[in-house]
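S.K.: Residues per chain are reported as follows:
Number of protein chains: 4
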Amino acid sequence: MPNSFGKLFTVTTWGESHGPAIGVVIDGCPPRLPLTVEEIQAELDRRRPGQSDIVTPRKEDDKVEILSGLFEGRTTGTPLAMMVRNADQRPGAYAEMREKFRPSHADFTYQSKFGIRDHQGGGRSSARETIGRVAAGVVAKKLLALAVPEQPVIVRAFVTQIHDLAVPPEALVQLPTLTEVESTAVRCPHRAMAEKMIERIKAVRAEGDSVGGVIECRVQGVPPGLGEPVFDRLEADLAKAMLSLPATKGFELGSGFAGALLRGSEHNDRFENRDGRVRTATNRSGGVQGGISNGEEIVFRVAFKPTATILQPQPTVDLHGQPTELIGRGRHDPCVVPRAVPIVEAMAALVLLDHWMRQHAQCGLFKF
Amino acid sequence: MPNSFGKLFTVTTWGESHGPAIGVVIDGCPPRLPLTVEEIQAELDRRRPGQSDIVTPRKEDDKVEILSGLFEGRTTGTPLAMMVRNADQRPGAYAEMREKFRPSHADFTYQSKFGIRDHQGGGRSSARETIGRVAAGVVAKKLLALAVPEQPVIVRAFVTQIHDLAVPPEALVQLPTLTEVESTAVRCPHRAMAEKMIERIKAVRAEGDSVGGVIECRVQGVPPGLGEPVFDRLEADLAKAMLSLPATKGFELGSGFAGALLRGSEHNDRFENRDGRVRTATNRSGGVQGGISNGEEIVFRVAFKPTATILQPQPTVDLHGQPTELIGRGRHDPCVVPRAVPIVEAMAALVLLDHWMRQHAQCGLFKF
Amino acid sequence: MPNSFGKLFTVTTWGESHGPAIGVVIDGCPPRLPLTVEEIQAELDRRRPGQSDIVTPRKEDDKVEILSGLFEGRTTGTPLAMMVRNADQRPGAYAEMREKFRPSHADFTYQSKFGIRDHQGGGRSSARETIGRVAAGVVAKKLLALAVPEQPVIVRAFVTQIHDLAVPPEALVQLPTLTEVESTAVRCPHRAMAEKMIERIKAVRAEGDSVGGVIECRVQGVPPGLGEPVFDRLEADLAKAMLSLPATKGFELGSGFAGALLRGSEHNDRFENRDGRVRTATNRSGGVQGGISNGEEIVFRVAFKPTATILQPQPTVDLHGQPTELIGRGRHDPCVVPRAVPIVEAMAALVLLDHWMRQHAQCGLFKF
Amino acid sequence: MPNSFGKLFTVTTWGESHGPAIGVVIDGCPPRLPLTVEEIQAELDRRRPGQSDIVTPRKEDDKVEILSGLFEGRTTGTPLAMMVRNADQRPGAYAEMREKFRPSHADFTYQSKFGIRDHQGGGRSSARETIGRVAAGVVAKKLLALAVPEQPVIVRAFVTQIHDLAVPPEALVQLPTLTEVESTAVRCPHRAMAEKMIERIKAVRAEGDSVGGVIECRVQGVPPGLGEPVFDRLEADLAKAMLSLPATKGFELGSGFAGALLRGSEHNDRFENRDGRVRTATNRSGGVQGGISNGEEIVFRVAFKPTATILQPQPTVDLHGQPTELIGRGRHDPCVVPRAVPIVEAMAALVLLDHWMRQHAQCGLFKF
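Residue numbers (the numbering used here), protein chains in the order written: chain A, 1 to 368; chain B, 1 to 368; chain C, 1 to 368; chain D, 1 to 368.
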């Protein structure tokens, strides 16, 4: 099921950018969770077009409707279906894309795979698909926060780099608060750098161009034991989750690529007894060892390429393989990274919740 | 199924480092493929301990036995089971690990998760588990090579970095041959750099320390259309496959993390008609667009941390959370990267074959 | 995923009887299939309440909307989402069921499992859930019919027994036509028996009681080779599909339970060469041998219990375990069997299509 | 994965009748379960050839080896791999089957599907495959028995019919003890009928013929709440499990096919408060309502056809479609039903354990 994610808390998304609607079905949701449509909406608003002056101006309120699985304010354990109607469709705006392949877009590959494609706004390849992920992520984040009341799991993503503007690592020792993240349109908690980033995005947009960046995500409160020994390692599922997002090009956990530069004696995280618990003195492991969480902060980073849609003429070919030129048009994000922050959080939450449920199923039922 | 990988060509591995045996079951293998035990063995020998003077001297011939699914030299379409008996077991050598958690190993997390662990040689967390992956990878690579005889898929991995010794990118324009890769113990096709890398590994080992590195993998001959639109993007499954390997910390496709430094106008791969086919002028996409292969070379890199096992005393805690010291012993690789090359290839082959079969199932049966 | 069915052509249903809507998502649908909303609607009308005077009079038009996966009249290969709004909701009619468990209904078990339930009209346990199955079945049946134009697969179910009124087997040698099946409200192609059945249903309803029956399903045109050797035998998946329908109590293939009364020499289906093809002289196997189709007609029967909802007072207990009495009310089917005919066909089509795609994936891509 | 069964407690079997070995991998087994090879062996001995004078005399000790997943007498939570070497191989005995299709066997369908088959003893279609199921069933039964010590789940299957010799239902009110079941070679707890059954089997065998029969299985101690609302209903998964066994032709739960003969007012199981628990006065539901267990005894029956292998000449066709005659030879069971009893128990245990773990994962982790 290529449009589903998760083994026990399974999320299935459907919908095209300019079709009637976008939606999601969550199967396996624990019953009796209090949930309101307002909670879902609030997070969709973080992902919504038109939320600031550095994102696409497409007019979409993204108003969500809960269609099933909720009864008198609580989940029932049956599928939770949610839907957002597409509103601002401009079929005419995409006439050019019917015949021409946009460079570094999914046009050519969809056509090659399926022999047909909905060319309007990228159809299924549009980032509007992630509406369903964000809606499901709200449920997952809420469950994670409630699972162990005394130690709520907190999932926090934020922008650390736009183009070559990167927050210095020493400025990120503390986990930023949600308020700090949301205080700038670019969702970078380092205010000075955030201002430069916003300027950069605006400058690039003015040239009809685009930029990429890096998002860091940290998760606090994850108990030791989540993740599976072999193929379903926690970092493997996180990597898959992140690389399943549009425009991503890389993933690294803890020390990441820079870890290759260290010796074992420098890289190893020594165990120590802190406050009566087994802890590590450092966290180059990024909170995961042998594929399983060790109780430390989970830390990973995701690289995003610059938006493929640019407002400059580009040479390309058409459906018949003939050379042609594409005049970029339409509403788009000059940089997808700020709006990707809640999506990264949603995917991280889905992975962690699913693994928690799996851990519980295998190791929590029987006492020997 | 945490110990299975692949939806249609499904690989399930089992076995512990010092248990009776290590094995694999392949379910869904196409029937009638000619296959010999020698083909499997040849690739296992690339992964085998004791193959050179820069890897662990553990004495394992890793002789494989095919237990089912083969009849008169051809696969039958039923499960292909293969097994390697563990030979060089030294239970006594691991007495210390029964009580002490090795830093940056899976000891603590397995104990936390399961409440029990086979401490000998890491048990299930040992890289010996990858024997089954490599054996399965042989079958996958052979199928990929035979699928389209005129355009065989070639999967080629090689070492590009050990510690801070990195091959300059301009030296890697051409795909290295297998002979070039295998010509040095470190599996780096750049001979001058390979020699430095070997020296570095030996020097580090002499200090009882370890180093990490980077493997690049390229796949040629992949037709356009493999990969799925949303969660099962080709790069998502490749990322999961790579992060499911022991000691990995990062994955990047095409431009990767460096892609964030480019503008869209610099990053986009323009389409052109070359030799009657739609091709891209550059390949910053790494052969995948919108999650689906575009027919260009698939290019990705995997970061490996330095081996956690070092022969230096390290502070740690024991099963009871009490501080103690671990005196490293035992046979280990001072750098896992050279032996990981065939494993990276195996995992890449498994992902690509599985997606090819999926593509065929959905888009190849019906003609409208 | 308890609300999904099928490995490659995967159907996920959602929705409650008296929630906002009922829906389905099909993942893995082959691309480019011509499809109209009218085709879906026509089959939903076969399942619809109020279609005759022997079914429930609940007023539901069951108008379907296609929300995604269709572009300019053809499937795109991306998820096909469909939805029917619930119209005739009468929350007040179910006030009694909030506190009382209806005998032989899912009230008690849902409450036990989830600790919460939508009591209105059975919530998720309502047969309205099968709307999604029928809609998906239309797509599956159409694909089966088009796959091999010269030998279209035909899936035909019909009623053979209501209460103790059973069609004699000798009257069913020929596959009934769709017109014959649809010519009576009870969907029994034996007209004389159908009239008695209809009388029986009306008589029983007049007493506030209900009856069950048996549906036979036959599938013609299935090529040899569908089904898997071990757990996913064709009859195993058909059995699961049928027992997943509300009110079913039994499944048998070919000779079924009566087969136990024969000797091997009587039961074996001898092979013969007929018209240049390997055929069997008899079909006690029901078209499946060793779990795999043999090219003969697939024949199976499904037993349905009498509707649990009856309009007679019944002793029961309430949410607090206290004895009470339930006064049956509401609109219901005195016999679910006639409306189950298109649902049985839909499930059979889903199983066969999925296995065809699986067969193609494993055995159709590689030529050795 | 056609050779795997179960979502959380996943069993994968491999091996052919006359290949080197038969085996099983269990993935997802809870950790720390005490387990010995003797426990596995004892149950395999119930399934073993040559155990009595009414089964096949093939000489197989079926000695099992545990290859992984067990450490110091307890499961580790990693894959539990087990293997039995095939001993009594007589390749020559099957020369005839290389070219000829045995009637009602899997020869023709395997050849049609895969274009190749291991013809010796049926290869993968042999009931020797069920060795792995029985071995896995031991683990599942043990877990079920230990899960709730005060109310251990007991899975008990027994023969109720051989050919036309059926135990009268009124003789089966009480659950037979294991001793009663095992006290006769035919595994029918009704001693007088058992003797007749044994005579019948011997008489039929003397004529080179075979017979079928019916097995009933009852499960006590299952808590309410196991099973899923829609596709994965408990009875659906039980039906699939049973129809996945060789030679099965039918499945019915509770009232089964006979239930169609009752009116709703006769069939409904009234709820009552008995000993402070919600119970049903009768059990026509067979312990499952709305797909979910209700705490009553789970009762189902499975129909087995007569063994297809008979020692009489039978007309058939060969690989080239030419008419020929098959002279039955070889060692076989004149009736598979007695040896199928432990296999039915194993499959029932696998289904129930898997659903218990799923129930726990979704509904047991979070308290709201």
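It is possible that part of the hints are untrue.
[To be verified] Straight line, CA to CA, 20 Å or less: simulated EDC-like cross-link-like pairs of lysine to aspartate or glutamate:
(1) B:K63 <-> B:D88
(2) D:K196 <-> D:E180
(3) B:K63 <-> B:E39
(4) D:K142 <-> D:E43
(5) A:K142 <-> A:D45
(6) C:K202 <-> D:E266
(7) B:K367 <-> C:E266
(8) D:K202 <-> C:E266
(9) C:K196 <-> C:D164
(10) D:K367 <-> A:E72
(11) B:K367 <-> C:E72
(12) C:K63 <-> A:E65
(13) D:K63 <-> B:E65
(14) A:K367 <-> D:E72
(15) A:K63 <-> A:E39
(16) B:K202 <-> A:E266
(17) B:K63 <-> D:E65
(18) A:K367 <-> D:E150
(19) C:K367 <-> B:E150
(20) D:K142 <-> D:E38
(21) A:K202 <-> B:E266
(22) A:K63 <-> C:E65
Keep in mind the hints are simulated off the structure, nothing from the lab.
S.K.: So, for every hint listed, does it hold in this structure?
M.R.: Checked hints:
Note on K63 (chain B) and D88 (chain B): the hinted pairing holds, with a Cα-Cα distance of about 13 Å set against a maximum of 20 Å. Of the pairs offered as hints, the one joining K196 (chain D) and E180 (chain D) holds, with about 16 Å between alpha carbons and a cut-off of 20 Å not exceeded. Distance restraint check for K63 (chain B) and E39 (chain B): the Cα-Cα separation of roughly 12 Å lies within the 20 Å cut-off, and the hinted pair is therefore satisfied. Between K142 (chain D) and E43 (chain D), the direct Cα distance comes to roughly 12 Å. Compliance with the 20 Å bound is thereby established for this hinted pair.
A distance of roughly 17 Å separates the Cα atoms of K142 (chain A) and D45 (chain A); the hinted pair therefore holds under the 20 Å criterion. For the given pair, K202 (chain C) sits about 18 Å from E266 (chain D) by alpha-carbon distance, which is consistent with the 20 Å threshold. Note on K367 (chain B) and E266 (chain C): the hinted pairing is violated, with a Cα-Cα distance of about 43 Å set against a maximum of 20 Å. Of the pairs offered as hints, the one joining K202 (chain D) and E266 (chain C) holds, with about 18 Å between alpha carbons and a cut-off of 20 Å not exceeded.
Between K196 (chain C) and D164 (chain C), the direct Cα distance comes to roughly 11 Å. Compliance with the 20 Å bound is thereby established for this hinted pair. The suggested pairing of K367 (chain D) with E72 (chain A) holds, with an alpha-carbon distance near 18 Å, which does not exceed 20 Å. Pair hint K367 (chain B) plus E72 (chain C) holds up; C-alpha atoms about 18 Å apart against a cutoff of 20 Å. Simply put, K63 (chain C) and E65 (chain A) have alpha-carbon atoms about 19 Å apart, close enough for the 20 Å limit, and the pair holds.
With a CA separation close to 19 Å, the supplied pair K63 (chain D) and E65 (chain B) stays within the 20 Å bound. With a C-alpha separation of about 18 Å, the suggested pairing of K367 (chain A) with E72 (chain D) holds against the 20 Å cut-off. With a C-alpha separation of about 12 Å, the suggested pairing of K63 (chain A) with E39 (chain A) holds against the 20 Å cut-off. Of the supplied pair hints, the one linking K202 (chain B) and E266 (chain A) holds, its CA atoms being roughly 18 Å apart against a limit of 20 Å.
Restraint check: the Cα-Cα separation between K63 (chain B) and E65 (chain D) comes to about 19 Å, which is no more than 20 Å; the hinted pair holds. The suggested pairing of K367 (chain A) with E150 (chain D) holds, with an alpha-carbon distance near 14 Å, which does not exceed 20 Å. Note on K367 (chain C) and E150 (chain B): the hinted pairing holds, with a Cα-Cα distance of about 14 Å set against a maximum of 20 Å. Annotation: proposed proximity of K142 (chain D) to E38 (chain D) holds, straight-line Cα distance about 13 Å (limit 20 Å).
Restraint check for K202 (chain A) and E266 (chain B): satisfied, since their Cα atoms lie roughly 18 Å apart, inside the 20 Å limit. Using a Cα cut-off of 20 Å, the hinted pair K63 (chain A) and E65 (chain C) holds, with the two alpha carbons roughly 19 Å apart.
Checked against the numbered hints given earlier, the structure breaks only hint 7 and satisfies all the rest.
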